[in-house]
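Chemist: Residue numbers (our numbering), protein chains in the order written: chain P, 325 to 464; chain L, 325 to 464; chain S, 325 to 464; chain C, 325 to 464; chain F, 325 to 464; chain A, 325 to 464.
Hints are computed from structural coordinates only; laboratory data are not their basis. If you're wondering where the values come from, they're calculated on a predicted model, not measured in any experiment. Check each hint, because a few of them may be wrong.
A pair holds if it fits inside one copy or across any two, identical chains being indistinguishable in the list.
[Claimed, not checked] The list that follows gives simulated cross-link-like pairs (lysine-lysine, BS3-like), each with its CA atoms no further than 30 Å apart: (1) 418 - 352; (2) 418 - 371; (3) 352 - 371.
6 protein chains.
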Amino acid sequence: MSTMPVLSDEELSPEAAAVFADIRATRKTEFVNNFWRVLAHDPVALKRTWESVRQVMAPGALDPLTKELLYVAVSVANNCEYCIRSHTAAARAKGMSDAQFMELVAVVGMAAETNRIATALQVPVDAAFRPATDAPFNQV
Amino acid sequence: MSTMPVLSDEELSPEAAAVFADIRATRKTEFVNNFWRVLAHDPVALKRTWESVRQVMAPGALDPLTKELLYVAVSVANNCEYCIRSHTAAARAKGMSDAQFMELVAVVGMAAETNRIATALQVPVDAAFRPATDAPFNQV
Amino acid sequence: MSTMPVLSDEELSPEAAAVFADIRATRKTEFVNNFWRVLAHDPVALKRTWESVRQVMAPGALDPLTKELLYVAVSVANNCEYCIRSHTAAARAKGMSDAQFMELVAVVGMAAETNRIATALQVPVDAAFRPATDAPFNQV
Amino acid sequence: MSTMPVLSDEELSPEAAAVFADIRATRKTEFVNNFWRVLAHDPVALKRTWESVRQVMAPGALDPLTKELLYVAVSVANNCEYCIRSHTAAARAKGMSDAQFMELVAVVGMAAETNRIATALQVPVDAAFRPATDAPFNQV
Amino acid sequence: MSTMPVLSDEELSPEAAAVFADIRATRKTEFVNNFWRVLAHDPVALKRTWESVRQVMAPGALDPLTKELLYVAVSVANNCEYCIRSHTAAARAKGMSDAQFMELVAVVGMAAETNRIATALQVPVDAAFRPATDAPFNQV
Amino acid sequence: MSTMPVLSDEELSPEAAAVFADIRATRKTEFVNNFWRVLAHDPVALKRTWESVRQVMAPGALDPLTKELLYVAVSVANNCEYCIRSHTAAARAKGMSDAQFMELVAVVGMAAETNRIATALQVPVDAAFRPATDAPFNQV
Chain P
325 MSTMPVLSDE ELSPEAAAVF ADIRATRKTE FVNNFWRVLA HDPVALKRTW ESVRQVMAPG
385 ALDPLTKELL YVAVSVANNC EYCIRSHTAA ARAKGMSDAQ FMELVAVVGM AAETNRIATA
445 LQVPVDAAFR PATDAPFNQV
Chain L
325 MSTMPVLSDE ELSPEAAAVF ADIRATRKTE FVNNFWRVLA HDPVALKRTW ESVRQVMAPG
385 ALDPLTKELL YVAVSVANNC EYCIRSHTAA ARAKGMSDAQ FMELVAVVGM AAETNRIATA
445 LQVPVDAAFR PATDAPFNQV
Chain S
325 MSTMPVLSDE ELSPEAAAVF ADIRATRKTE FVNNFWRVLA HDPVALKRTW ESVRQVMAPG
385 ALDPLTKELL YVAVSVANNC EYCIRSHTAA ARAKGMSDAQ FMELVAVVGM AAETNRIATA
445 LQVPVDAAFR PATDAPFNQV
Chain C
325 MSTMPVLSDE ELSPEAAAVF ADIRATRKTE FVNNFWRVLA HDPVALKRTW ESVRQVMAPG
385 ALDPLTKELL YVAVSVANNC EYCIRSHTAA ARAKGMSDAQ FMELVAVVGM AAETNRIATA
445 LQVPVDAAFR PATDAPFNQV
Chain F
325 MSTMPVLSDE ELSPEAAAVF ADIRATRKTE FVNNFWRVLA HDPVALKRTW ESVRQVMAPG
385 ALDPLTKELL YVAVSVANNC EYCIRSHTAA ARAKGMSDAQ FMELVAVVGM AAETNRIATA
445 LQVPVDAAFR PATDAPFNQV
Chain A
325 MSTMPVLSDE ELSPEAAAVF ADIRATRKTE FVNNFWRVLA HDPVALKRTW ESVRQVMAPG
385 ALDPLTKELL YVAVSVANNC EYCIRSHTAA ARAKGMSDAQ FMELVAVVGM AAETNRIATA
445 LQVPVDAAFR PATDAPFNQV
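The shape of chain P in the complex, shown without the other chains:
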C-alpha cells in the first residue's frame, strides 16, 4: 500500500537497526510503528528524523502533552491521516482526555474559520500587533 515497502526487522540495514534499537530503548516498548518502517529505506533520513523528533518533543519550556496537542492540531491542518492517528494515540498515552481532544478539535476548526475570513477580507495587521521596530539586519 505504501509507496515503498514496510520493512520488517529482518529487512533492516545495520544503520536502520541501530535507530530502531534507540527507538525501542527510548520508548520502552518493542513496538516500532510503520512510519519508521517505511522511512528505514533511507537510514540517514531515518536517523536524522528520529533524532530531531526526539529532541523537539522532549520536555522543555512546553510540557510533552502540550507538544503532542500541537502536533495533532498541525496534522489536522495539514490533513495527514497517519499523523492524526499516531499522534492522537501518543497524546492519549500522555494523558489527553476525550474532553481535551474535543476542545482541541473546536479550536482547530475555529482557527481555520477565522484564518480564512481574515484572508478573504485581507484585514490589515493592527499596529498594536506589530513588534516595536527593529532594523532588520539584512534589509535596506
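Could you slot chains L, S, C, F and A onto chain P? The hints should help.
Modeler: This is chains L, S, C, F and A only, laid out in the frame that chain P set:
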C-alpha cells in the same frame, strides 16, 4: 487595503455596535482590532463569530494559554499572517514566553515535515493506532 | 474508524438529542449524518456548529445552491473527502446537474493552477485591483 | 518585486503580443493586468493559460458570476492575495454586491471550519453519500 | 467510489474517444488511467487538460524526469493520493530509482519544515533575495 | 517585522555563533540570511535545522540543482514567500535559467490543477499504480 473598508466606531450599525460593546466588556479594553472592524460589514456574521470565538476560547478541559498556542500553530499551518500576529500577541498577553514560542515553532515545523513524509510514503496506519471497532451508525 | 465513536441516537446526551431533533425538523428527514454523530461527543460544539451552518447556509444575498457549490469548491481545495461527498450530495439535492458539477471542477482546477502561478511569480497586485485608499482605523 | 520582471507592451515577444491582442479584444479594454505581464516570459504558457481561462470561465451550465464566486472562494482557500484581489474585482464587475461578498466569506469560513472538524474526527462517509456502486474500470 | 462514474471505452462520447485515441498514440499503450476516464464526462475539459499536460510535460529546458519529480513533490504538498501514486509510477517509468525517490521525500519534508518555520517567524525577505527594482507596469 | 527580532552577529549566543561560523565556512560567504538570524533565538533548533538542511541538500542520487528546484516547487505549493525568494536565488546560483524557472512554474501550476481535479472527482487509484502487495508489518 482590505477587500472591504475597516469601519470606525462611528460607521457601525446598531447591531455591530452592540457586539463591539460586548467585545470591550469581555476583554476589558477599549481596543477593538481590525478583524472585527472589517467583519462588521456583516453584523450577523460578526455576532456569530465573536460568540463562537468567546465560547471556544473560554477555559475548559484545556487552559486558555494552551488554546492560544493551538490557535497560533494552526494559523501558521494555514499561513494567515494576520492571525499569526494577532494570536501571538494574545498568547504573549496570556503568558507565553519567548522560549515557549520558539518550541511551538519547532513542533509546528517538525509536524509539517513528518506530515509530508508520511503522505509521500503513503504509510499504512498501524492497527495499534486504530480504535477498537465500533460499527459506524450510518454505514453498511 | 473515526477518532471518537459514531454515536447512535440511544447514546446521545439530552443536549445532543435536542440538537438532533432540530436537525430532523429543519431538514424534514429522520436521517442524521455521521458528522453530527461524532461531533455529538461535545454537545456545546454540536449546537454551535449546527446553528452556525444553518444560519450561514440559509437563503440570503446568495441562493442556497450557490452556497452549496461554494462549500463543495472549498472542501476540494481543503481536501476533505467527507465534506466533498456530503456537500456534493447536498448540492445534488438542491438541483446541481452533472454538467454544473463538472464545470465547478474545472473552475476549481483552473483557480488552483493560476493561484500557484501567481504565487510562484510573486505577481504584484495591480493598482486597479486595490480599493480606493481608506485610512485603516488601527494603523499608523 | 515579482520573481521575473513585469513586461511592458514594448518588451513582449510577437507570440506574447498576439495573446495580449486577444485579451484586449475579448475583454474590450486596453488594460492587461500584471499576471499576464509576468507570465509573458513564457509565451507558450501565456497562450495556453489564457485560452484555458477564457474557456473555463465562459457561460455554460454555470453563469459567469457564479464561476467568479467559485474562483474567489478557491483563491481564499489557497491563500493567493493576487488572485483574491483580481477575481474579487472581476466578480464586482460582473455584479457581485457587498452583501454577496460577505456571504461568500461566511461560507468559505464555515466550510474551512467543518472541513477541519471532519478531518480531525476522521468521520466515516455515510453510505447515503456514496454513489450506487459502479465497477471501476481499471480496478480489481 | 468516484463522484462521477468511471467510464469504459464503450461509454465515451465521440469527442472523448478522440482524446483517448491521442492518449494511446502518444503513450504507446492501450492503458488509459482512471483520471481521464472520470474527466471524460466533460469532453472539453478532457481535451484541454490532456493537451495542457502533454505540452507542459514535454522535454524542454527541464528534462521529463525532473518534471515528473516536481509533479510528485507538488502532489505530496497538495496531499493528492491519486496523483502521488500515478506520478510516482510515471517517474519510475522514466527512470527514478528508489534512492532518488527517498531523497525527493527528504527534500519535500525539509522544505515543508522550513516553510512553516519561516512563516511562523515572519522572517523578512533579505534585500539580497529581491531582484533589482523594475518599475511594475500597472502600479503607481 | 518578524515575530522575534532579527539578530545581528553581536547578539548571538556562543552556540548560535558557532553555527553561523559553519554556515559561512560551508557556503564560502560572509552573508548569513535572515532565516538563520531569527531562528538563532533557539540555538538548538538553529543547529539541528542547519545540519539537516546541509545533509538533505548535499549531492546524492539527485543533483543539487534538482533538489533546489524541488525546494522551490514545494515552497510555492506551501505559499511561503520567504522560501520562494531565498530558494529561487539559490537555484539561480546553482545554474537555473529563466527558461527552467518558467517551466518549473508551469509544472507546479499544472500539478495543482490536476491534484484538485482528481480530489474533486475522487478518482479511484488504478490497480496498475499500486505496488505488488506486501503484507504491512503492523497491520492485521
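Chemist: Now look at each hint and say whether the structure bears it out.
Modeler: Okay, the hints, checked on the actual structure:
1. In this homomeric assembly, residue 418 and residue 352 come within 30 Å of each other (Cα to Cα) only inside a single copy, at 14 Å, whereas the closest approach across copies is 36 Å.
2. Both within a single protomer and between protomers do residue 418 and residue 371 lie at most 30 Å apart by alpha-carbon distance, with minima of 24 Å and 28 Å respectively.
3. Taking identical chains as interchangeable, the C-alpha atoms of residue 352 and residue 371 lie at most 30 Å apart whether they share a chain (18 Å) or sit on different chains (28 Å).
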